[in-house]
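*Asks:* What follows is the residue order along each chain.
Number of protein chains: 2
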Amino acid sequence: MTTKYVKNAVGRMIPTEINGQPVTPFQGPHGYKTTGHKYSPLIRTCADYPDDGDKRAPDLKAALLKSGLKDGMTISTHHHFRNGDLIANQIFEIAAELGVKDLIWFPSASFPCHEPLIEYLEDGTIHHIEGSMNGALGRFASQGKMRGAGVLRSHGGRYQAVQDGEVVIDIAVIAAPTADPFGNANGLTGPSACGLLGFALADSLYAHNVIVVTDNLVPFPCIPWQIQGNNVDTVVETEQIGIPERIVSGTTQITKSPDRLYIAELTAKFCDAAGIIRDGFSFQAGAGGTALAIGNYFGEIMRGQGIKARFARGGSNQYLVELLDQGLVDYILDGQTFDLEGVRSMRENPHHVDTSPFTSYNYHGKGNFASMLDVVILGATEVDVNFNGNVVTHSDGYLLHGMGGWQNCLFGKTVILPIPLFRDRIPVIRDEVTTICGPGELIDVIVTERGIAINPRRTDLIEVVKDSGLPIKTIHELKGEGERICGVPQPPQFEDKIIAAIKWVDGTVIDVVRQVKE
Amino acid sequence: MTTKYVKNAVGRMIPTEINGQPVTPFQGPHGYKTTGHKYSPLIRTCADYPDDGDKRAPDLKAALLKSGLKDGMTISTHHHFRNGDLIANQIFEIAAELGVKDLIWFPSASFPCHEPLIEYLEDGTIHHIEGSMNGALGRFASQGKMRGAGVLRSHGGRYQAVQDGEVVIDIAVIAAPTADPFGNANGLTGPSACGLLGFALADSLYAHNVIVVTDNLVPFPCIPWQIQGNNVDTVVETEQIGIPERIVSGTTQITKSPDRLYIAELTAKFCDAAGIIRDGFSFQAGAGGTALAIGNYFGEIMRGQGIKARFARGGSNQYLVELLDQGLVDYILDGQTFDLEGVRSMRENPHHVDTSPFTSYNYHGKGNFASMLDVVILGATEVDVNFNGNVVTHSDGYLLHGMGGWQNCLFGKTVILPIPLFRDRIPVIRDEVTTICGPGELIDVIVTERGIAINPRRTDLIEVVKDSGLPIKTIHELKGEGERICGVPQPPQFEDKIIAAIKWVDGTVIDVVRQVKE
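As given, the protein sequences belong to chains Z and C, one line each in that order. Position one of the first sequence corresponds to residue 1 (the working numbering), numbered consecutively onward. Position one of the second sequence corresponds to residue 1 (the working numbering), numbered consecutively onward.
Isolated chain Z (complex conformation):
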C-alpha cells in the first residue's frame, strides 16, 4: 500500500488518507464548502434516566463501565484545568487496568501534566491523540513512537469536527468545578474553579455518553449551567479534580524584558497610527507577557483619548479585568480565564461573559465572533516571507505546541504577530515555515524589535502608517537582519512518516508534520 499525495492550496504535499480516513486538502482560507449535514446524535428518552434527576455513579470507573467503555473508543477530555488536570490520566489508568486497548484520546488541549499518558501510548491502551501534543507528548510523537497520526485542530476546528461528525466521541468526560446530581455544571465556584467550561460544549451536545466529574457537588439546580444536565448521562463525585495553583497560573505577569516591552509598545503605537484604536473598537490579545503589555498600552491610549472598546475577547486576566472595571471595555467575551481575577470577574460581573468555541470560533456556523474583531494579537514559532505562520513545531522540526484558537483568530480584521526576531539564536522569520498553520493572506503585520513588516496585500495599512514615523520595513529586510545576527539556520531533517496532520478551521488539511530524523 503506497500513500498517495496531493499538493494543497499552500503548496504542501498532503496524503489522501490519515488514520485510514480520507483527507480533504486545504483549498484556501474560504475555499472549501461542504454540503453535508451536522452530526445527528441518537434520540434519548427520559424513560431511560432517573425521574428524580440523580445520575450519580459511585466512581469514575463505574461511570466508564456504565458508558460501555471498550476497545477503539474515542474519549474526550478538556483543558479547563490546564496543567492542573487530575482526571484525564485517571481515565486511561482505569482503561489500562480494565485491559481496554486502542482508545483515541480527544482532548481540547494537552499539558505537561499529561506526560504519564506516554505509558498508555506505549502499552496500547491509547492508539493516538487527536489534539494538541505539547512538550513530552509532542516529542514522543515527533520521534515516530505513536501508532496513529495525531490530528491537531484549532479550538474552533475541534468544535467543527464534532459538530460535523468528523470526530464521533464515544465518551466525554467533563471535569467540572461545580455540578449537581443532574449534571448541570459550571466552572465558577468550588476549590477547582477555572472560570468556564466552554471547551466541553461540543462534547456535551454530540458525544454518545457524557460523564461529569466534580469535587463540588451542590443540590439541583447548579446555577448557572454552563454545561446542561439535559445532555449528561452520569455524574461522579470525586475528591479532587484539579490542582488549583496549576489551574490558574496566578503569576501571569507583564513582561519585564526590554525587547519584549519595546515590541509591545511598537504594536500599540502601530494600532494607534493605523486608526484601529477608536471608540467602540474591539481587540483580542493573549495571556503571554508581551500580549499583556500590549493590553496595558491599549488602556493608556484609550484613557488618553477618552474612548473605550466595545468588547475585548479573552483569555482574561487581571489586566483585562482592570480595563473592564475601569469602564474602558464594555464587555469581555471570554473563552478561558487565565487567573483568579478572571474567574472572580466572570462570576460576579455580568459584563464578563463566558463564550465557547461555538460562539467565538466555529467556522461552520452562521458567522462567529472571531471575524468581528478589529485587531487580534497572536504569537508564532515561525513566520515566513509570505507571512505564513507556524505555531506547532519548532525550527528543529519537533511538534511541541497545540494551536489553541490561533487559526480562528486569523479571521480578525487586522492580525498582528508581535514576535522577537530570533529565539535561542534561531531566526524566527524564515524562507518557509517548518509547518504552515495559517496562510499568509490572513496575517497582516509582523512586529519585531527591529521593525514592523506589513503584508503587501494590506495596501490600506501601508498607506495609512506611511508617515507615522514607525520603523516600517519589508519582511525580507527583517529576515535579513535576523540572519545577519544568527546566521542562516539548517533546515530540520525528517523521515517519511507522518506523525500529525494540521487541520484548517473547515476540516481540510493545511499541512502535515513528519517524524524527525534523530
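No wet-lab data here; the hints were simulated from the structure. Watch out, some of these pointers could steer you wrong.
Any copy, or any two copies together, can satisfy a pair, since identical chains are not distinguished.
[Stated by the list, open to error] Straight-line C-alpha distance at most 27 Å; calculated DSSO-like pairs for lysine-lysine:
| hint | residue 1 | residue 2 |
| --- | --- | --- |
| 1 | Lys66 | Lys33 |
| 2 | Lys7 | Lys517 |
| 3 | Lys413 | Lys308 |
| 4 | Lys70 | Lys33 |
| 5 | Lys7 | Lys33 |
All values derive from a computational prediction rather than experimental measurement.
Since the structure of chain Z is already known, use the hints to place chain C on it.
*Replies:* Just chain C now, kept in the frame of chain Z:
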C-alpha cells in the same frame, strides 16, 4: 382512499395517517421508544455570512424573500408576546401579498390577536396550523374549515418534534425585545420586554432559516444572548414588535372567588398533610387566580415552619418573585414571565433563571426538570373517573385551548388538579373526557370545592392523609355531586372529520379532535 384506525393505549381510535404523515399511536406514558437520530441541520459556513457580523435586512419582507419563502413551507413563530404579538400576522400578510400558498404555521402558541389569520386560512395562504388554536382559530378548525388537521403539542413536545425532525422548519421568525445585528437576542430589555425567548430555542437550533426581528437594536454584543446569533441568518429592525400591555398581563391577581380560594386552601392543606411541603422541596403552579392563591398559601406554610423551597418553576409573577425575594425559594426556574415583576426579577436576580422547553420539558433528552418537581398544580377543562385529563376542548366539543406545558408537568412526583366541580353549570368530572390530553395514571389528586379525590394508584398518598381531617372522597362521589347539581350533560355530537391531533410528549398520538356537528 379510506382512513384506517387503530386503538391506542388509552382506548382512543387513531388514524394511521394525519396530514399525509404516518402516525404512531400512544403506547402509554413511558411506552414508546425510538431508535432514531436527532434531526441534522445543514452545515453552514462563515464564508456565507458577513465578516463584520452585520446580518441586517431592510425589512421583514426582504428577510422572508432572502430566506427563500415559497409555497408549502413551514413557518414558525413564538408566543413570548402572548396576546400582544404584532409579527405573526405580518408574516402571512406579506406571504399573501406575494401570492405564496399552502404554508404551515408552526407557532409555539396562538392567541386571540391571531384571529386575523383566519383570512389567510380561507384564502389558501396558510394550509394548516401545527400548534395551539385558541378561541376563534380553534372554533374555525372545529367547524371543519381548516384544510389540514391541526397538530397540538405540549411545549416539550414541540421541542421534541423539532429536535427529532418530525417538524422541519423552513423559516423561523423570532421576535426579540433586544437584539444585535449579529442576531444575539434576549427578552429582558426594550419596550417589548417579555422576559425570555426559550420557546424559540429549538427553532434557532434546527430551522433552515432564522430571522430575528427586533424593535430595540443594540450594538454587538447583545448580552445575555438567550438566542445565539451564531444560529441566526437575518436580522430585521422594525418599529414595534409587541403591544406591551398585552405582552405582560400586569393584572394577574389572586382569585377573589370564595369557592376558588377554598379550593386553593384545600390544595395547600393537602400538600402540607401529605408531607410534600418540606425543607428543600420544589413546586410548580400556574398563573391563574387559583394557582396564585396556592403559591401564597405555600408561602404561609413555609414561613410558619421556617423552611424554604429549593426551587419553584415559573411562569413567574409578582407573587412568586416575592417568595424568591423573601428567601422562601432558592431559585425560580422560569419558562415564561407573566408580569413586569417577573421580567424585572429575571433581568436583575441571578437566582431567577430563564429555562427553555429543552431543559424543562423535552422528553427526548437525558432527563428533564419536570420529573424532578415534588408537586405540580395544573388545570383542566375536564377530568374523568379514570383521572384522564382534558385541557384543549370544552364539553361542547370545541377546540379552544392549547396545551402549554401541561402534559410535560404530568411527570412531576405529585400532580394535583384544583378544579371547580362545574363551570357554567356543566360538570367538570365526567365518565369520559371529550379529549384525552393526559393519561390518568399520571394525575394524582383532584381538589374541588366539595372534596378531594386521590387516584387509587397513589396508595401512599391515601395512607398518609387518611387521618388528616381533609374531605377525601372518591372520584365517583365527586362526579355524583356535580351531576346532582347540574344534571348529566349530553355528550357533544361530532362529524367524522378529524380536525386536530393531540400529540403525547414522545411524538405519539394520544387522541384526535373531530369536527363539531352544528
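*Asks:* Now tell me if each hint is right for this structure.
*Replies:* Cross-check of the supplied hints:
In this assembly of identical chains, the alpha carbons of Lys66 and Lys33 lie at most 27 Å apart only when taken from different copies (20 Å versus 39 Å within one copy). Only within a single protomer do Lys7 and Lys517 lie at most 27 Å apart by alpha-carbon distance; the minimum there is 23 Å, versus 73 Å between protomers. With identical chains, the CA atoms of Lys413 and Lys308 are at most 27 Å apart within one copy only, with a shortest distance of 18 Å there and 52 Å across copies. Taking CA atoms no more than 27 Å apart as the test, Lys70 paired with Lys33 passes between copies only; the shortest distance there is 25 Å, against 35 Å inside one copy.
Taking the closest pair of Cα atoms, Lys7 and Lys33 come within 27 Å of each other only inside a single copy of the chain (18 Å); across copies the shortest separation is 49 Å, beyond that limit.
In the structure shown, no violation is registered for any of the earlier numbered hints.
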